[in-house]
Amino acid sequence: MFEKIYDKIEKANSIVIFGHENPDGDCYGSEIGLKDAIISTWPNKKVYAIGTGLPYLFNRLGKMDQVSDKIIENSLAFVVDFNIISRAEDKRISLAKDFVKIDHHISPSEFKEGIEVKDTTSSSSAQLILEFVEESKMKLTKNGAEALFVGLVMDTGRFLFLEQDARSFITASKLVKYGVDTKSLYNLMYQTEESAIALKGFIYSNYKKTKDGVIYLVLEDKTIKHFNMTSNEAAGSVNLLSNIKGYPIWAFFLDLGNGKMRVELRSGNVPVQPIALKYGGGGHANAAGISSCEFSYELIDKIVKDLNDAIINNGGK
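Residue numbers (numbering that gives the first Met the number 0): 0 to 316.
These are computed hints drawn from the structure, not numbers from a lab.
Using N, Cα and C, we set each Cβ at its ideal position, and we do this for glycine too.
Treat the hints loosely; a few may be bogus.
Said to hold, decoys possible - In silico DSS-like cross-links for lysine-lysine, where the CA-CA straight-line distance does not exceed 30 Å:
#1 LYS44 <-> LYS62
#2 LYS10 <-> LYS136
#3 LYS138 <-> LYS69
#4 LYS62 <-> LYS136
#5 LYS136 <-> LYS208
#6 LYS141 <-> LYS173
#7 LYS208 <-> LYS301
#8 LYS304 <-> LYS259
As the list claims (entries may be wrong) - With beta-carbon atoms standing in for the labels, derived distance ranges:
#9 VAL175 <-> PRO273: 30 to 38 Å
#10 GLY178 <-> ASP6: 27 to 35 Å
#11 LYS259 <-> PRO54: 20 to 28 Å
#12 ALA197 <-> LYS138: 41 to 49 Å
#13 VAL175 <-> ASN238: 21 to 29 Å
#14 THR229 <-> GLY178: 44 to 52 Å
#15 ASP164 <-> ASN313: 15 to 23 Å
Please build the complete structure, drawing on both the sequences and the hints.
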């Protein structure tokens, strides 16, 4: 399924790789890993990975690129780890005239042009990119492999969210063969700032719950600022509420300070993606979210009720 993508790259002189809003490890790792593979295979091509990425990994894996409108207009655009146009972090994606999409999310694609590789059985976009690289016999450096490893590990929750998925462990094994230093990468990915320890105490002291098994937390903008964190950093703590006995769904509601909020939904075995879709979000069956919607306690109550009903309809906790 990758032949057409390879041909597109071969014919392009310039390529711009787009990621989604609130980039996570899979978004950043996939962008950097794909850029590495293309440049390693075609050293004369101009390749740009744009967006904010994950700054705490820049020194290890690489910074993001800055590009002009003209470059975007004259480049092949790669859409990585998302398939809804409005979720593109850099809205100049509308300037691109030719697209290649690589994604693993369930939500339907809004892109009508270009080539799409979409595999919802894949644990991550990084996994799909490695499969593309290897099937196409492209080159990949240790740095590119480490970027893809970050994407794989962070989107699978350190492999905790997988269900009998040998494919992802095979992918990890292949990446290690490129020289990935798993120990130092894990230390870098999951190192804890002192502010995060204080936030952890706040989370465990202030979460709310429903009798049917939803456990959740509302983080107001003033609270996030108090802990000297960004909303993106705070959202990464959602799994502190995971695996609590009797609570198959856990959620974060984060005030963005501009009248909007970000919602993170997670579950053990109850699908939460339909609820994210209902409110303009998306994601995976058991890990979904809404990148931006109205911040109101009335809306939070509605979403919590829908999550609660999902547990009941799934047979209870």
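CB of GLY178 to CB of ASP6, is that within 27 to 35 Å?
About 29 Å separates the Cβ atoms of GLY178 and ASP6, which means 27 to 35 Å holds.
What's the verdict on LYS208 and LYS301, does the C-alpha distance respect the 30 Å limit or exceed it?
14 Å, holds
Against the 30 Å threshold, does the CA-CA distance of LYS10 and LYS136 hold or violate the hint?
With Cα atoms ~17 Å apart, LYS10 and LYS136 stay inside 30 Å; holds.
The hint says 44 to 52 Å between THR229 and GLY178; measuring C-beta to C-beta, is that right?
32 Å, violated
Assuming the hint says 15 to 23 Å, is it satisfied by the Cβ distance from ASP164 to ASN313 or not?
For ASN313 against ASP164, whose Cβ atoms are near 21 Å apart, the range 15 to 23 Å holds.
In this structure, is the beta-carbon distance linking ALA197 and LYS138 contained in 41 to 49 Å?
44 Å, holds
Within a Cα-Cα threshold of 30 Å, do LYS44 and LYS62 meet the stated pairing?
Within the cut-off at roughly 18 Å; holds.
Between the alpha carbons of LYS141 and LYS173, is the straight-line distance 30 Å or under?
Judged against 30 Å, a Cα distance of about 12 Å means the pair holds.
That 21 to 29 Å hint for VAL175 and ASN238 (C-beta), does it hold up?
24 Å Cβ-Cβ, so the 21 to 29 Å window holds.
Please test the hint of 20 to 28 Å on the beta carbon pair from LYS259 and PRO54.
Cβ of LYS259 to Cβ of PRO54: about 22 Å, so the range 20 to 28 Å holds.
Pair hint outcome, LYS62 versus LYS136 [Cα-Cα no greater than 30 Å]:
26 Å, holds
Within 30 to 38 Å: is that where the Cβ-Cβ distance between VAL175 and PRO273 falls?
36 Å, holds
Hint violations for this structure: numbers 5 and 14, all remaining hints satisfied.
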